[in-house]
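Engineer: The chain contents come next:
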Amino acid sequence: MKPLLEISNVSRRFGGLLAVDSVSFDVAEGEIVGVVGPNGAGKSTLFGIVCGDIRPGSGEVRLAGARLTGLSSDRIARNGLVRTFQTPRPFTSMTFLGNVVVAALARTGDTAEAKRRAERALDRVGLLGFRDAPASGASTGQRKRLDIARAIATEPRVLLLDEPLGGVDPGSIDEILALLQRLREDGMTLVVIEHNLEALVRLADRFVAMALGRKLAEGAPREVMRDPRLVDAYLGGEGHEAA
Amino acid sequence: MTIAGASLAPPVRAEWVRGGLIALLLAVLLALPLFLAARPFELRLLTVMFLYAAMGQAWNLLAGYAGQTSLGHGMFFGIGAYTSTMAAIGIGLNPWLGGLLGSAVAASVGVVIGLACFRLKGHYFVIATLVLAESLYLAFADWEWVGAAMGLDLPIEEPSLLAFQFHRDKRPYYYLALALVVAATALVVWLDRRKMGHVLRAIRDDEEATRSLGFSPMRYKLIAMALSAGMIAFCGTFYAQFVLFIDPPSVLSLQLSVMIALVAIVGGIGTASGPIVGAAVLVTISEYARIWFSGSGRNIDLMLYGLIIMAVSVYRPAGIVSLFGRRGGGRR
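These protein sequence lines are chains P and A, in that order.
Per numbering that gives the first Met the number 0, the very first residue in the first sequence carries number 0; after that it's consecutive.
Per numbering that gives the first Met the number 0, the very first residue in the second sequence carries number 0; after that it's consecutive.
Next comes chain P alone, as it looks inside the complex:
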């Protein structure tokens, strides 16, 4: 079967720094792939390239066979690849529901229908009880979930999640993991950047490990976590100090 998302030989240089260095990997439909690695590994730059915020120096990204590279980020989102932000960015003048209604309007011009879809999305992330509360008052955990509700209301095929567990209190981590699991069961494909590896191991089918812009390893999460090169990268082993 052809992979849904193909990332081929993507590179990006910022001045003297090769932030992403010929990274390639595929994501199959319905899969959850975790992208892991220490700070500065190039994970967020890679995300930026995939969703169109950053132009790659070389390489290309394809979604269901169609080339995404070179398209604007809003066009890529309309094509079905949507991201969430590391620091959630709610529309602060709106309510929780208002935030998600905007997202649902990406797929329908009918505001009544958008409202129904937004309510469903809020319900899925467990925030329906806050529908009329102002988004400016949301806690970090609520903001993360609101960001996810907004993304899923656009009905994406692939969802890129940038640290969905970052800054979330331990009690809510299981809830978010269960939510992501449900999204996959609904047929969504997820690519997740996350520093909480213990939590991510329970969720992901596969890990892609990065360090210093390069892909180090790829495979079953527990195996990748035991890979000496990744351990080395996290601990700042000698092999990586040169750059």
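FYI, nobody ran anything at the bench for these hints, they're computed from the structure.
Among the clues, some could well be false.
Label pairs and their in silico Cβ distance ranges [claimed, not checked]:
| no. | chain 1 | residue 1 | chain 2 | residue 2 | range |
| --- | --- | --- | --- | --- | --- |
| 1 | P | S135 | A | L20 | 25 to 31 Å |
| 2 | P | S135 | A | Y314 | 18 to 24 Å |
| 3 | P | R181 | A | K120 | 38 to 44 Å |
| 4 | P | R74 | A | K120 | 21 to 27 Å |
Heads up, incomplete: computed chain A residues facing chain P, CB under 10 Å, no partners named [what the hints assert, rightly or not]:
| no. | residue |
| --- | --- |
| 5 | R192 |
| 6 | R193 |
| 7 | K194 |
| 8 | R203 |
| 9 | D205 |
| 10 | E207 |
| 11 | T209 |
| 12 | G213 |
| 13 | G269 |
Even glycine gets a Cβ: it sits at the ideal position worked out from N, Cα and C.
Since the structure of chain P is provided, determine the placement of chain A on it from the hints.
Structural biologist: Below, chain A without anything else, positioned relative to chain P:
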């Protein structure tokens, strides 16, 4: 679904109350000219007030909803006034068609400005619009073909609705201006409730996040700019037909651009009632100050504006209408 049910009840009642108040206000405004036939000052005051309220709505569409503050909207007023007037003088074009032509020209100019300037953020966009409007003022003040600093007299026609001219009885202007503000308000309220309004408010809050959901902020802002410029241009045509004389200071001045922005800011930015309240307050003060302090009125009304703006920004940053709001400010 109890939550939804509980929260729906009060707004529905509030809608009825609001609808009733609007109907009452409209009825009063429709009947008012019956008593104002012999009071040209009040008639003119209200006509100008409606005109500014309509322009405040148009400005608000771009600034209040899409978050692009312009201090150059006077240029669209001038473009409308000059286009219809030149078309009437040159080829005898009916002013209604001239007004539509002016709106189309202004909308196109707005789109070109937007393409060039929407990449500028915050203050830089404000400065760019201000400079463009001032440049247009200077160009027109020097351009012989459009009358330069001497201005243009409109060709006088037999008074009729079709000719858009009324000489003895000025009440038709009052009704036309009222129709303008009703149309502008209806358009803004309609857009606000549709996809356009939701997306514009999202862009105002966070452009990047809106883009990440699949919307092109540039496209939406250009549509808002075109509508806003087109509406203001039609008001410019109305002004030309009302006063029957235009020159750069009356239709292209910086003071005009500032006033258009102020009626929305003082009344309440990003709300449909804000520009109406703002126009009522500011135009009344401006016109009465001109009488009470005749001769020096121009300066004293500006000082009064200054005071009001300071008072509003200190005590009611969301505008006068926020006095009546539940949560003291912006829309839902």
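Engineer: Hints broken by the structure, by number, lowest first?
Structural biologist: none
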